[in-house]
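There are 2 protein chains.
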Amino acid sequence: MHAPIPRAAVRALESSRIREVYNDGAGIPDLIPLWVGEPDIPTPDFIKRAANASLAAGETFYSPNLGIEPLREAIARYQQRNGRTVTADRVCATSSGVNAIMLACQAVLDPGDKVVTLAPHWPNIGAIPLILSAPVETVPLHLAQGQRGHMIWRVDLDRLLAAITPKTRLALLNSPGNPTGFAFTREEQQVILDHCRRTGTWILADEVYERLYYEGPAAPSFLDIAGPEDRVIGVNSFSKSWAMTGWRLGWLVAPPALMDGLAKLVEYNTSCAPVFVQRAGVAALDEGDAFITANAALFRRLRDKTAAALSTVPGVTAPVASGGMYSFFRVEGLTDSLAEAKRMSRGAKVGLAPGSAFGPGGEGHFRLCFAQQEATLEKALGRVAGWLRRRG
Amino acid sequence: MHAPIPRAAVRALESSRIREVYNDGAGIPDLIPLWVGEPDIPTPDFIKRAANASLAAGETFYSPNLGIEPLREAIARYQQRNGRTVTADRVCATSSGVNAIMLACQAVLDPGDKVVTLAPHWPNIGAIPLILSAPVETVPLHLAQGQRGHMIWRVDLDRLLAAITPKTRLALLNSPGNPTGFAFTREEQQVILDHCRRTGTWILADEVYERLYYEGPAAPSFLDIAGPEDRVIGVNSFSKSWAMTGWRLGWLVAPPALMDGLAKLVEYNTSCAPVFVQRAGVAALDEGDAFITANAALFRRLRDKTAAALSTVPGVTAPVASGGMYSFFRVEGLTDSLAEAKRMSRGAKVGLAPGSAFGPGGEGHFRLCFAQQEATLEKALGRVAGWLRRRG
Chain A
1 MHAPIPRAAV RALESSRIRE VYNDGAGIPD LIPLWVGEPD IPTPDFIKRA ANASLAAGET
61 FYSPNLGIEP LREAIARYQQ RNGRTVTADR VCATSSGVNA IMLACQAVLD PGDKVVTLAP
121 HWPNIGAIPL ILSAPVETVP LHLAQGQRGH MIWRVDLDRL LAAITPKTRL ALLNSPGNPT
181 GFAFTREEQQ VILDHCRRTG TWILADEVYE RLYYEGPAAP SFLDIAGPED RVIGVNSFSK
241 SWAMTGWRLG WLVAPPALMD GLAKLVEYNT SCAPVFVQRA GVAALDEGDA FITANAALFR
301 RLRDKTAAAL STVPGVTAPV ASGGMYSFFR VEGLTDSLAE AKRMSRGAKV GLAPGSAFGP
361 GGEGHFRLCF AQQEATLEKA LGRVAGWLRR RG
Chain B
1 MHAPIPRAAV RALESSRIRE VYNDGAGIPD LIPLWVGEPD IPTPDFIKRA ANASLAAGET
61 FYSPNLGIEP LREAIARYQQ RNGRTVTADR VCATSSGVNA IMLACQAVLD PGDKVVTLAP
121 HWPNIGAIPL ILSAPVETVP LHLAQGQRGH MIWRVDLDRL LAAITPKTRL ALLNSPGNPT
181 GFAFTREEQQ VILDHCRRTG TWILADEVYE RLYYEGPAAP SFLDIAGPED RVIGVNSFSK
241 SWAMTGWRLG WLVAPPALMD GLAKLVEYNT SCAPVFVQRA GVAALDEGDA FITANAALFR
301 RLRDKTAAAL STVPGVTAPV ASGGMYSFFR VEGLTDSLAE AKRMSRGAKV GLAPGSAFGP
361 GGEGHFRLCF AQQEATLEKA LGRVAGWLRR RG
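So the protein sequences, as listed, match chains A and B. Per UniProt numbering, the first sequence starts with residue 1, numbered consecutively. Per UniProt numbering, the second sequence starts with residue 1, numbered consecutively.
Bear in mind the hints are in silico, worked out from the structure with no lab data behind them. Remember, it's a predicted structure, so these values are computed and weren't measured experimentally. Take the hints with a grain of salt, since some may be wrong.
[As the list claims (entries may be wrong)] Restricting the straight-line Cα-Cα distance to at most 30 Å, the calculated cross-link-like pairs of lysine-lysine (DSS-like) are:
hint, chain 1, residue 1, chain 2, residue 2
1, A, K379, A, K342
2, A, K342, A, K305
3, A, K114, B, K114
4, A, K349, A, K379
5, B, K349, B, K379
6, B, K167, A, K114
7, B, K349, B, K305
8, A, K167, B, K305
[Claimed, not checked] Ranges of calculated distance between the beta carbons of each label pair, as one might list FRET restraints:
hint, chain 1, residue 1, chain 2, residue 2, range
9, A, E229, B, D110, 53 to 63 Å
10, A, P256, B, D194, 35 to 45 Å
11, B, P256, A, D40, 54 to 64 Å
We put the beta carbon where it would ideally sit given N, CA and C, even for glycine.
Okay, chain A solo, but in the shape it has when bound (with noise of 0.2 Å):
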């Protein structure tokens, strides 16, 4: 009998260092957990009440594939509300954003075909490609000085253009960006586009924090720019911007001709979301502005907030994100984050996630999520800075 180990592709995934720190700092009383990538606040009452009506109404059943058209019609009002010319039957509802990159991924990827994508970068967007055989080659993002004055991480688009040929099936980018807060402004998509046109490469964009975004009411979106015949997929998530990470919600908009192929491979993944979370996603789409309005006000006071904290202090790099709920920031000599942060969940009593567990690029930085109660925040930045202080 051989020993049940999975497949060698399995092996090579990393297990999360995010998990592994903590792992290590459970129990520790009175520690700050900013280690994941979560708001601090439950999901809005209105939201939840949808879900309960759909439960008392006996909706326990399977739901269509592509996910109910109350559902996918919200979300095409929601596109239309941001400018967008979306429609309908161009969206499919998933059981995740991550599972809508799951899905894009087995849509367009088949075993070899190759994928560019940005590093540091959110860790299942280096491993999901993996799992399904497709090697993954990275771009890295640098900390260049911003308009403002400020540090903000950035993209060499020529360095991109040149990684993106003909041989690349797939453009897998995340913006704004986990972890670092990049955001491409429109220009840069615009050239994106234009130069996967002429190499016939998928773009699957990653927007899960467009309405976190610091620059404007959203970030600028491939879906813009894109018509729909276009290979452009565009992916989202209730879980930030409705503070609904618990409930597994996300969705596509996929060009006409990708439909289809997306209803089976939803069939063969989950089949669908629960008709009762669809239904709590409605309620968000549908009177949810104000919240997301209020939240991304919020975040960017607490992204100034950290940004300021930790710019105080000698040796670390600070740079001020464009969007999302993070500040991933360079610590001068830093060279085992995963050990450090280990140590500063002791120490400190504050929880980081070690910058080496975002890919290339990654190590020498930590990530603090910022989407917490304020005066936790406070706090928190100010055990972080100290601790730096007194390690440098």
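Got chain A sorted already, so can you dock chain B onto it with the hints?
Relative to the frame of chain A, chain B by itself:
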């Protein structure tokens, strides 16, 4: 610009012929739909209450990838009540039964790996390996005289064993089976397990109908006879036994060495099932035994009624299902079950699934889901028998 179409492997997946009949028959007044694998009773209130309580308590955040501990422990207790020595550390909660199969296949199948399964089969069982670029070989089930004189679906064990060689990575075995109601005996399972130990082949046992079994309280399970180190993965689901199709909750039982890999794969597929759905699962497991027993007794009566009614029709061979919710019956001279199912929707006002939806050997049959209110089923059986008589 190239046309935006999905990969060939996805285009090659058959669209659901069940859905084709369903769409064709949508809007026919007074039609009785027996095409989908779904009991027509809503989820019991004691299960819904657990979800509502969880939502009210604000459990709207991420769960651990393998599921919350109370659910994993409730699943272990449930398995133990059914005579198995499964411990909670070998349990992985999943976002539905089909999601469990997808995860298990991602854990063990590299592109090109050989899969063996039985046919006729649930379409999803044939499709999932193909999505992962793993070819599927089917071994035919056949109709035979059972011990009590009536017809049943059986496996030719010699053919199955001959198909499983050292080159076979996975045997994907659904028992009790959809659509046939076929079930392995304990002796057959032991022979298969012994054989797969020799060939080094994984067994993925889809046992979601194990409690809807009519020869005893639970169908023989590979988990009854496999040790924790065997290459055996058990798939189960809350959908059928607890009338929770719409909740999308299932689970895997796997060898300890597989659990780390499964946790990673859950992270990259859906990250977790919603906590409030998992709480509903705990209630189902801990308080649902009486519900299952009553339901199985009812379904057994409905199964007998179905076989008896269909057997009176000349040219019809109606086997008696050992488990599950379906009668998969043969109609003499039937060569296009898809077209005939559409005609029957209009002519007899009963919706059946065409046999051709279920892979090799399915043509010439219909699948009828008998898990209905008794009066509804009786009416439907009268209509189907009348239609088939007039046809013959």
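Do the hints match the structure? See the list:
| no. | hint | result |
| --- | --- | --- |
| 1 | K379/A - K342/A | 19 Å, holds |
| 2 | K342/A - K305/A | 24 Å, holds |
| 3 | K114/A - K114/B | 24 Å, holds |
| 4 | K349/A - K379/A | 10 Å, holds |
| 5 | K349/B - K379/B | 10 Å, holds |
| 6 | K167/B - K114/A | 28 Å, holds |
| 7 | K349/B - K305/B | 19 Å, holds |
| 8 | K167/A - K305/B | 60 Å, violated |
| 9 | E229/A - D110/B: 53 to 63 Å | 34 Å, violated |
| 10 | P256/A - D194/B: 35 to 45 Å | 51 Å, violated |
| 11 | P256/B - D40/A: 54 to 64 Å | 34 Å, violated |
When the structure is compared with the earlier hints, violations turn up for hints 8, 9, 10, 11 and for no others.
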